[in-house]
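In order, the protein sequences belong to chains D, G, W and E. First residue of the first sequence? That's 1 in the numbering used here, and the numbers climb one at a time after it. First residue of the second sequence? That's 1 in the numbering used here, and the numbers climb one at a time after it. First residue of the third sequence? That's 1 in the numbering used here, and the numbers climb one at a time after it. First residue of the fourth sequence? That's 1 in the numbering used here, and the numbers climb one at a time after it.
Simulated from the structure, these hints should not be mistaken for laboratory data. Fair warning: there could be bad hints in the mix.
[Claimed, not checked] Once the Cα atoms are required to be at most 27 Å apart in a straight line, the calculated DSS-like pairs of lysine-lysine come out as:
1) W/301 - G/332
2) E/301 - D/332
3) E/38 - E/159
4) W/41 - D/192
5) W/189 - E/289
6) W/289 - E/189
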Amino acid sequence: MMWMKCTISIVPATSTLHSPDVAVHADMREDFLKTLRCIILSRILEEKLGSLYRAGGRIVGGVYLGRGQEAFSAAAGNNLRYGKDIYGPLIRDQAGRIAYGEPLLDAMRTYLGVITGPMRGRDGNIHRGRPREGCMAMISHLGSLLSVVAGALFARRLRGTLGDTVGATSIGDGGTSTGAFHEGLNMAAVEKLPLVISVANNQFAYSTPTSRQYACEDLVDRARGYGIEGYSVDGTDLLACVATFRTAFARARAGHGPQMVVGKLLRLGGHGEHDDASYIPDSARHKHEARDCIEVAKKQAIDLGWITEAEIRTWEEESRREVDAAQAIASKEPTPDPYRETWHALSTSELVEGQHG
Amino acid sequence: MMWMKCTISIVPATSTLHSPDVAVHADMREDFLKTLRCIILSRILEEKLGSLYRAGGRIVGGVYLGRGQEAFSAAAGNNLRYGKDIYGPLIRDQAGRIAYGEPLLDAMRTYLGVITGPMRGRDGNIHRGRPREGCMAMISHLGSLLSVVAGALFARRLRGTLGDTVGATSIGDGGTSTGAFHEGLNMAAVEKLPLVISVANNQFAYSTPTSRQYACEDLVDRARGYGIEGYSVDGTDLLACVATFRTAFARARAGHGPQMVVGKLLRLGGHGEHDDASYIPDSARHKHEARDCIEVAKKQAIDLGWITEAEIRTWEEESRREVDAAQAIASKEPTPDPYRETWHALSTSELVEGQHG
Amino acid sequence: MSITYLEAIREAQYEALRSDPNVFLYGQDISTFGGAFKATKNLSREFPGRVFDSPISEDAMIGMAVGAAIEGARPIIEMQFADFSSVGFNQIVNQAATLYWRTNTPCPITIRMPSGGTAGSGPFHSQSMESIYAHYPGIVILTPATVEDAYWMLLESVKLNDPVIFCEHKFLYYHLKSEGFGEALPIGKARIARPGRDATVVAYSAMLHEALKSAEELQMDGYQVEVVDLRSVKPMDTDTILASVSRTGRLLAVGESFPWGGVTAEIIARVSSEAFHMLDAPPMRLNSKDTPIPYHPNLWKTHRPTTSSITAALRTLLRY
Amino acid sequence: MSITYLEAIREAQYEALRSDPNVFLYGQDISTFGGAFKATKNLSREFPGRVFDSPISEDAMIGMAVGAAIEGARPIIEMQFADFSSVGFNQIVNQAATLYWRTNTPCPITIRMPSGGTAGSGPFHSQSMESIYAHYPGIVILTPATVEDAYWMLLESVKLNDPVIFCEHKFLYYHLKSEGFGEALPIGKARIARPGRDATVVAYSAMLHEALKSAEELQMDGYQVEVVDLRSVKPMDTDTILASVSRTGRLLAVGESFPWGGVTAEIIARVSSEAFHMLDAPPMRLNSKDTPIPYHPNLWKTHRPTTSSITAALRTLLRY
Ligand SMILES: Cc1ncc(C[n+]2csc(CCOP(=O)(O)OP(=O)(O)O)c2C)c(N)n1
Ligand SMILES: Cc1ncc(C[n+]2csc(CCOP(=O)(O)OP(=O)(O)O)c2C)c(N)n1
Ligand SMILES: [Mg+2]
Ligand SMILES: [Mg+2]
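Extracted from the complex, chain D is given alone in its bound form:
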């Protein structure tokens, strides 16, 4: 049995002081490997989406990828049970969605805009979700999903169906500047909801550097002001992410209220696939945060003796087949037919108005 120390600084919140270092236990192996498998799949799916976008023709609208953020995203999603817990993924949460259990086909179908997908061509890409199964479908307005996830948890507690379920959602460094994020987080704190908020500080909001976004030293410094527990983690380090989110989710489930996990990392790509990110200075590209979390994780797993290179290659091949299979299915499916669309924005069809004028 091997032990390894990873650097997780868990910042003291209002009431609880966490130990600043956490040792890697053997019982992390399972979670770690499951997450590693997810981030490999996520990267391969996203590479496919990127190349479909560049090829043109099939994907409509933009493509927004999570390259470099997979470890942080998946380590959160891995703590969620599909159909039980509530998840509000954001822009760069493909890896989290996979870890959570969202079917690959949901992604592919939504990007291709086919009617078999959860959004039926009505909305696209990262806006997909199945709210009644616990997967919220984000609107574009940053910050506004937090209160929705909080509300779902609130309703469960009210109706007595909360049990050990938990909610999770994400935000970027840029999204923390929205009023919606502040209101939602404050309300969740007041209601002491079992909610884990991942703050993916990827150094940029589109092109805007963090120096134009906030003036604090570390976004985790905000936790105390909300009276919630906060963690700061190296977002490129899957082991650290798995350990931190494990603690955060356990504490959320145990009734300690919202948990804010801030991951430091770098967006390894453009804001969307249309963007070459030429504004990211070379200096940023050479910092620790610019490490590719997947390479780091593979090495961690191999060093720990948890997996071999050959096994990883097998996973990669399997992932490619899964992605190809999803694409093969979705690309044969029909796109929406405007003449079959009901154009009903209300579920109460008697109250839908006809055309007037």
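Once you've looked at the hints, dock chains G, W and E with the ligands against the given chain D.
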């Protein structure tokens, strides 16, 4: 010369650590007495407004008073120069307005809705202001004034007219829950503007106790998350307030960015004069924060040998005369005549539409 | 036993809480205090753990309601004043109103908005926002003008599987009384509040009562003015309006919101397009003036339509 | 040298910055990056210290612009997409739009809103919000449809002492080209974009071009359709519309925003009320459908008015 210790806990912000205790110097005498004069006048004015409201007939709309918050409000306003600095007073800032230099007639005329007042009957009570002279006229939506004050300072810096001017605005415990407050404060921090924000934590937002408003221990815990300097002060203690705001304003003027001063106190009255505040529990009424800041201040001044009881009585009489004089003038002035009203919401009169339809 | 419009709103919430455990109330000062207007008086005592004081966070209040609705709850959200919904605007029009269409998930939330002008309330405690919300797809906008509608339509709102903006008029809170709740009328249908054959006035909410008084005044001059109570601004019951105009040949639309666009423009556009030849005179409308709502009663009385301005407009219309 | 609609917007900002030191630009990603659409490309280099990247804080962006305007600055605020102005809504309609009326202080701010649909942009990157903002007193709403108007009206906006919502259409950004900026037309006046005698189409922004194509198509059938470019939604140039309708006797109003209320209802209400007897046929309107704006191009093409739906409506109108 007497020295006295007052308890000011100045919370460490991102970069600067203040000494936790400040001694009272003789050079505080002038500021203290000026402020004391203001809060006495403010209380007498507000008592008059309250009785006019209860008598009915002349005041239209609600009356919202600052009873119990005068020391905290005036200690801030006292650092502002009318016509030079920028002030964005809120609901309970009558004392701050007086200290800042707003004419008493502006208040009286606005409450009576006469056309000679700055709002000309178009808006009322606490919404008054003279923006071009630096006194902003709040809209009701809490939190939304902060960014306006920030914008005025921003424009001055841009145009090279900032000099040593500074801006100040207030918020209540309830107002801190608004998205607007968060966005405005964060933006002011990013722009490192010379702005002092008074947070009057009077334990209630209308009837809502702070336990339903935030989950942190002290609202000053938020300062660090914005990367600004924060202070926590006993809002019933005028000496402490004067000392704290003096530091905060000095640091704002010296380029240290936004300063957040949180005052702990109790609203000594209803939300408005229509409200008997019966929801405030007796326990709250017997706490330290329930002290009447004016009585505390009078005693402080007498104990320090800065003033005599007789002198205070003279001030009170003078204040009463000032208030009566303002009332006498304003109550003779005309209320608006709808047939003389231009009903132009645009300053560009060529673009004003006629009535259609 | 006479019941006010405000009491009807309280009673409807009582009944909604009583009959469905999924209903809860969330809003500023609505718990022990019973709300700024006392529309939730005693409800927190009668239904412990189901009436919550909210932080001053309109955006989050609506967002949380949407999340709760997804999970099967049926929240009623009180805005302290309709005017403050402007900071919850995004969650209403983009989150709540798009949920069903985007994801096939019903969004049963009711947002109560104390609306409209009262003397001395000024620009930010007097607004009527029905015209703004009705512009957006995916929301139902109700504007009750009677004690009966206040009661039944609020109860219906809570049962509806779609977001409802419930515009209750503050001017009617204490003034308007009724002997009981009567019968429920269906949502989405207008009502002939007063029959007549010379002209049709379409009004809603507080303006209905100004229009009725106006019709009364004009009766002394021998005119029979028909008054239609719209009840629901969206959907708008075009059929009932057209049927009335087909009888009278004359139309005046009256609303309290700002004059550009909005309810009255929509009424006139529908009638002009769909019943052009039934009109014997150009259609008319009356709204508030095109400025913020004034604080001083002198100005306020002139800013909004009143019985006298409606009567004046009707005289012009009838003389045409 | 041909200039696009987008370049015109950049050039107008260049000229505004050059000619008045009180002008500054504030918006997300507009500094070195030059904005999501490159409407501020190079401006931060050409005018150092006057073009700022904003935090993602639309409410504070508008609030700060109002404060800056009070101090004599003339800010131009870029919303990354018009859709996101929903979170700055309160500061626009309640802070900026009421300032002059309440305090006699002019509020010269320009809010640029990249508006309207493009294929694949979905419900939250396609909205047209002119109908919402025009409802409120105290704001000017401009909707340029040409390269010339994009340039001159933006320059005029910055000079105006009132808040301007500048709705620039994303669909026109790259497609629309002109050989120069031509002459400035006055703000608040509509323009006859194509003369005709058989029917009037009133349109604006991207819909103008669909209407013009439609008029072209119908010319082959011998119809002379007059097309009015509204240019400014509020104030709305009623005189020009009425003059056109008095010549043609037929009216179709076309807009891209949602169907309930809004620009087209306002046009029809004005014409019906003020020029009833000039109409030889019931007035018609065309808007988007009453659902959120769809993501998939198949749906999107049917959701908004197009040349073919305008032509179909006009055929009905002309045959009447
Ligand atoms: C309220 C709002 N304003 C603007 C936008 C446009 N926008 C979309 S993504 C983005 C940058 C987001 O940055 P961040 O939150 O750091 O997330 P990241 O893209 O880095 O993952 C912006 C400005 C938006 N979606 N919502
Ligand atoms: C956005 C918004 N929502 C609701 C209100 C209604 N309102 C006016 S004052 C008030 C309570 C304010 O409490 P606090 O901020 O603590 O200030 P205090 O009255 O205690 O001085 C409320 C809810 C408002 N003005 N603005
Ligand atoms: Mg980011
Ligand atoms: Mg308070």
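Taking the hints in turn, this is what the structure says about them:
1. W/301 - G/332: Satisfied, since the Cα-Cα distance of roughly 22 Å is no more than 27 Å.
2. E/301 - D/332: With Cα atoms ~22 Å apart, residue 301 of chain E and residue 332 of chain D stay inside 27 Å; holds.
3. E/38 - E/159: holds, 23 Å
4. W/41 - D/192: holds, 26 Å
5. W/189 - E/289: Holds, at roughly 22 Å.
6. W/289 - E/189: The given pair, whose Cα atoms are some 22 Å apart, holds under the 27 Å limit.
In terms of the numbered hints stated before, the structure departs from none.
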